[in-house]
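Make the full structure from the sequences, and use the hints.
Here's the letter readout for the chains.
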Amino acid sequence: MLLYIAKRLCQTVFVLVGITFATFCLINIVPGDPVQVMLEKRADPEMIQQVRHELGTDKPLPEQYINFVEGAVKFDLGKSYFSKEPVMSMLLRGFLVTAKLAAISFLFAVTIGISCGMLAAIKRGKPTDSFLMMIAILGMSAPSFWIAIILQIIFGLKLNLLPLSGLDQPLCYILPSIALGTRYAASIARITRTSMLDVIKQDYIRTARAKGVKESMVFIKHALKNALIPIVTLLGTQLGNMLAGSMLIEKVFSISGIGKLAVDSMTNRDLPLVQGTVLYIAVIFVVINLIVDLSYALIDPKIRYGKGA
Amino acid sequence: MQKKILVLVCAILALISVAGCGNSDTANSGKKVLRMAAQDPQVPLDPQKHTYSHLLKISDQILEPLIIAGDGGQLKPLLLAEMPQLKDDKKTYSFTLKSGVKFHNGEILKSSDVKYSFMRLLTEGKMGNLIDMIQGADKLEKKESNDLEGFKIIDDTHFEITLTGPYVPFLAAIATDYVVIYPEQACKAAGNDWGIKTLIGTGPFKLEAYNQGTSVILVKNENYHGVAPKLDEVDFKFIQDPNTQVMEYQKGNVDLLQLDSALYPTFANNEELKKDMHSFSPYGLVFLTMNTQKISDPKVREALSYAIDRNAICQDLLYGTATPAKTFIPKGLLGYDEGAAEYAYNPEKAKQLLAEAGYPDGIDLVAQDNTKYPTYSKLLVAIQEQAKAAGIRITINQVDNAAWADMKHSGKMTMAVSNWYIDYVDPDGMIYQTMSEKLTKQNSNFYADPIFNNLLNTARATLDSSQREAMYKQADQILTRKDYAAIPICNETMFYLAKSYVKGFNVDSSYRYYFGTTDIQK
Amino acid sequence: MKFFSFFYRKNKYIEDVAEQGIEYTSYYQDSFRRLKKNNAAMICLSVLALMVLIVIFAPWISPQDPNAQSLKDALRGPSAQYFLGTDEYGRDILSRIIYGTRISLSVGIISQVLATAIGVTMGVLAGYYGGYIDSLISRVMEIFAAFPELIFAMGIMYVLGPGVSNIFIALALLSWVSTARLIRGQVLQLKQKEYVEACIASGGASFQIIVRHLVPNCISTIIIMVTLGIPGAIMSEAALSFLGLGVQPPTASWGSMISAAQSYISLIPLYSVLPGLAIIIVVISFNIFGDGLRDALDPKLKNQ
Chain A
166 MLLYIAKRLC QTVFVLVGIT FATFCLINIV PGDPVQVMLE KRADPEMIQQ VRHELGTDKP
226 LPEQYINFVE GAVKFDLGKS YFSKEPVMSM LLRGFLVTAK LAAISFLFAV TIGISCGMLA
286 AIKRGKPTDS FLMMIAILGM SAPSFWIAII LQIIFGLKLN LLPLSGLDQP LCYILPSIAL
346 GTRYAASIAR ITRTSMLDVI KQDYIRTARA KGVKESMVFI KHALKNALIP IVTLLGTQLG
406 NMLAGSMLIE KVFSISGIGK LAVDSMTNRD LPLVQGTVLY IAVIFVVINL IVDLSYALID
466 PKIRYGKGA
Chain B
4 MQKKILVLVC AILALISVAG CGNSDTANSG KKVLRMAAQD PQVPLDPQKH TYSHLLKISD
64 QILEPLIIAG DGGQLKPLLL AEMPQLKDDK KTYSFTLKSG VKFHNGEILK SSDVKYSFMR
124 LLTEGKMGNL IDMIQGADKL EKKESNDLEG FKIIDDTHFE ITLTGPYVPF LAAIATDYVV
184 IYPEQACKAA GNDWGIKTLI GTGPFKLEAY NQGTSVILVK NENYHGVAPK LDEVDFKFIQ
244 DPNTQVMEYQ KGNVDLLQLD SALYPTFANN EELKKDMHSF SPYGLVFLTM NTQKISDPKV
304 REALSYAIDR NAICQDLLYG TATPAKTFIP KGLLGYDEGA AEYAYNPEKA KQLLAEAGYP
364 DGIDLVAQDN TKYPTYSKLL VAIQEQAKAA GIRITINQVD NAAWADMKHS GKMTMAVSNW
424 YIDYVDPDGM IYQTMSEKLT KQNSNFYADP IFNNLLNTAR ATLDSSQREA MYKQADQILT
484 RKDYAAIPIC NETMFYLAKS YVKGFNVDSS YRYYFGTTDI QK
Chain C
351 MKFFSFFYRK NKYIEDVAEQ GIEYTSYYQD SFRRLKKNNA AMICLSVLAL MVLIVIFAPW
411 ISPQDPNAQS LKDALRGPSA QYFLGTDEYG RDILSRIIYG TRISLSVGII SQVLATAIGV
471 TMGVLAGYYG GYIDSLISRV MEIFAAFPEL IFAMGIMYVL GPGVSNIFIA LALLSWVSTA
531 RLIRGQVLQL KQKEYVEACI ASGGASFQII VRHLVPNCIS TIIIMVTLGI PGAIMSEAAL
591 SFLGLGVQPP TASWGSMISA AQSYISLIPL YSVLPGLAII IVVISFNIFG DGLRDALDPK
651 LKNQ
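Protein chains in written order, with the numbering used here: chain A, 166 to 474; chain B, 4 to 525; chain C, 351 to 654.
Heads up, none of these hints are tricks.
Only pairs whose alpha carbons sit at most 27 Å apart, straight line, appear in this in silico DSSO-like list of lysine-lysine:
id, chain 1, residue 1, chain 2, residue 2
1, A, Lys-416, B, Lys-502
2, B, Lys-90, B, Lys-142
3, A, Lys-249, B, Lys-200
4, A, Lys-239, B, Lys-200
5, B, Lys-375, A, Lys-244
6, B, Lys-278, C, Lys-422
7, B, Lys-200, B, Lys-233
8, A, Lys-224, B, Lys-145
9, B, Lys-191, A, Lys-244
Example chain C residues on the side facing chain B (calculated, C-beta under 8 Å, incomplete):
id, residue
10, Asn-417
11, Glu-438
12, Tyr-439
13, Tyr-508
14, Pro-599
Read the hints as simulated data drawn from the structure, not as lab findings.
Positions of the beta carbon are idealized from the N, C-alpha and C atoms, including for glycine.
This is the structure:
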């Protein structure tokens, strides 16, 4: 197992370098120049040259990339072209906001998703099942920012129950978490039900039932554990997506998390910040993938990673 | 297992609510706090370096220029004892600073601070062109000299500025919110933190905190040199989505905001909001900028002008929040041609012009659209449909702000909806700053008519105002009626919402948000 | 406790089929018979068929030209002339929704077909061959997966330029990884099965093993992934249109309609509700039909 983890870490470094290189190329291919944005209306050639020199974007591209990698190794991602703030501290600030929101949405999605999925599986074919799955399908089918706006209007404006924007008090988290988590909850519910139904037809479940094990125990102890593989895969991706920040939800609720940072940096071509956010999100995804893969191994000892990967 | 999850959920929710309690605002009772919904400027609060209007709404409370322009461009001394005197050579101004003006850090304003600020603007600022007619400014900008030759300090409160030649709008130019005065020592000491952690000026409010990405908090300057501010605190809350801004306003979480014009129809129908809605018309123009190299035949550009139904755009698309423009220089500025005819909407005439230009079957044009400004995107879509009737088929190419800036400065833009709001109240600020030869090269317009440029250059150095007026009228005529290098579309009205208890606040044509005289009376 | 894979029955079924010498095609015939009995799925299938008809006959069905503006009638509620009201340009919302079906359906389906094709190929290759191929594909997958979705899509759209066909590519590149990863996981499990091991040991051609044994066993996963993918693609298109990187004006798409309607949600709620409903209807239809198809194709049910 340790060997496997070490191997995976090496691969991770490879992936991260690949990602930063791809980002660097992408942003240099994409039309648009941060200096032109900064200078807005008054971009005369001398001024452009002066600012480029200040930012170091007049250096040859390979040198710029090497400088970035050197910095990144020392946890220095440079400064934003625009706010002049260290990218590291901007990311940290965005992360704290996004992580809290993601944690609550994820919790919401997992609790609602798995319990509804299991309930539907237990009551399969009955009205409860149809009702829950209908709700799940509805939840998956509505665009998240559409849900967000409707929630804002109903709970924030018409009923005046909850704050509309920002995250400066605990109640603020409710609407964005629901808007962000609804689709995830719905897909978790669906995949849980599907997976559970697949499992409960197996012989050993019948055996357990025949032995007189309580139905709820059959589901929780025997079925859920074996139904977990597809669920865990889905959860991993979803947590990654949530931690990467939702640009649309953050926009509607005026939350300055990672999503906003990512989009702003891209539209400004703020290269250090784009690199920083991409790298951050990449690290999140890679770590979560690692955890998902390791948990496969825990759930299903038959998948022998030592050989396969 | 479900129980465990439930316990976990409860625990986390409890933790969050405990953690969040510290933030609830209970301490504000009794204090007069004005809360404004604002857009995040995303840059250091340094108007010498960054010129976004979001930033100026904040910095105008903290920083001050020497002179200030009121409604209609009336200039008044602010940090000066009196208006500067123009000497007989018509190019040297002598200044006397108001005595006892203190910066927020307690330092007294001196002539050297003014000189430092001017030099900083020229060497580091974006708006150096506002004062680059000061003698020696070009040498300083090119780093050939370390001194600003034309700026002579006489003593701590007296100084003289000499220009390279007569330049009429000079005082108006230094009355803009970019030519603000910084304390030399503090600004140098702050280095890169200037505008982030420290920002010191002479204005009615002091920077308490700039929470990047979230808010700006300003507190009253107890030692303000003018009329003491009535508010204790001004909070700018950054809310990106214009809809959310209004909802927060309706909930009473903000007292003031500038309304996105796209939201106008929604709120014009809301009785409650309608009575809080105030309008102002800044000096400026929305126009189509044409690449005169790529769309080189003036007849084609004229045809496009005939194909646009400006009345329908203003009345129906923009809900009457704009009026059809008939000149480039807007009403209220010297050189505005009251007698100019309104642009006719005549698709048949447009077709005829196209035929004359050699396009009897119509013409295909590409227009670029900057997605950062939805209102202008909307305008372009309307123009696209209207132009169809005249046989002008427009393909819209939407790009984001960065790509837009790049295309614009590299001459790749073919035509686009553009706008201009003046920085200083003078026709020079309107027409020279957009359409002079040097600038059209940088914004994909490439208009370079010698007579037109000669008019602009002469007018800015002409002291006689009726002569100037005639020149600007003529220049406007050449630009918009003969060559159609810029096709005026409309003059916008802007709106802000302010709660009825916000007293002594008003935005006028200078487009300046100023809370120095604002009060809250609940 | 002994571990039983839920694929066990499936494989047993295929072995049974092989033993009994039943034609493989009859499996699909049976499936279709089962599908026909599923009322909900059939209703959704007819909704989808209706949508396809709408896509084809849009010019004849829609009461007005979707791009014709009548600025005087902007933002009106439903009337005899405009059944569902008008947008900010006075364009007929109903006609625009009808034409929007073309964009949303094609973006959803084409991008997901592309994504699934890439995903299944990559997943099977990685899972089946293992070793260096697996490592390589897995790394590529990780690079793709670790790229923040929207930034990635934005980047591709910036490079390719805006336009519908570029959305297909961007969204396909965006969403193949999850399919690939799931398929790889399943293939890894399937490879442990005796009959696959036997096939490999007896020198069966790889291609045949993949096509006959591995891919059919992944069908339910593929269906779920496509079903889950189409609404995602439709919504990604909305997000891209929202950022001005989707369809170019004046083309109507449901996503860009919702984005535009955001400004008028309290004035004319129908404008944002209707394209939202259109999305929900299509997505629900895909979901339920996909479920039905899964149940029908799933061999385990046949054994019951």
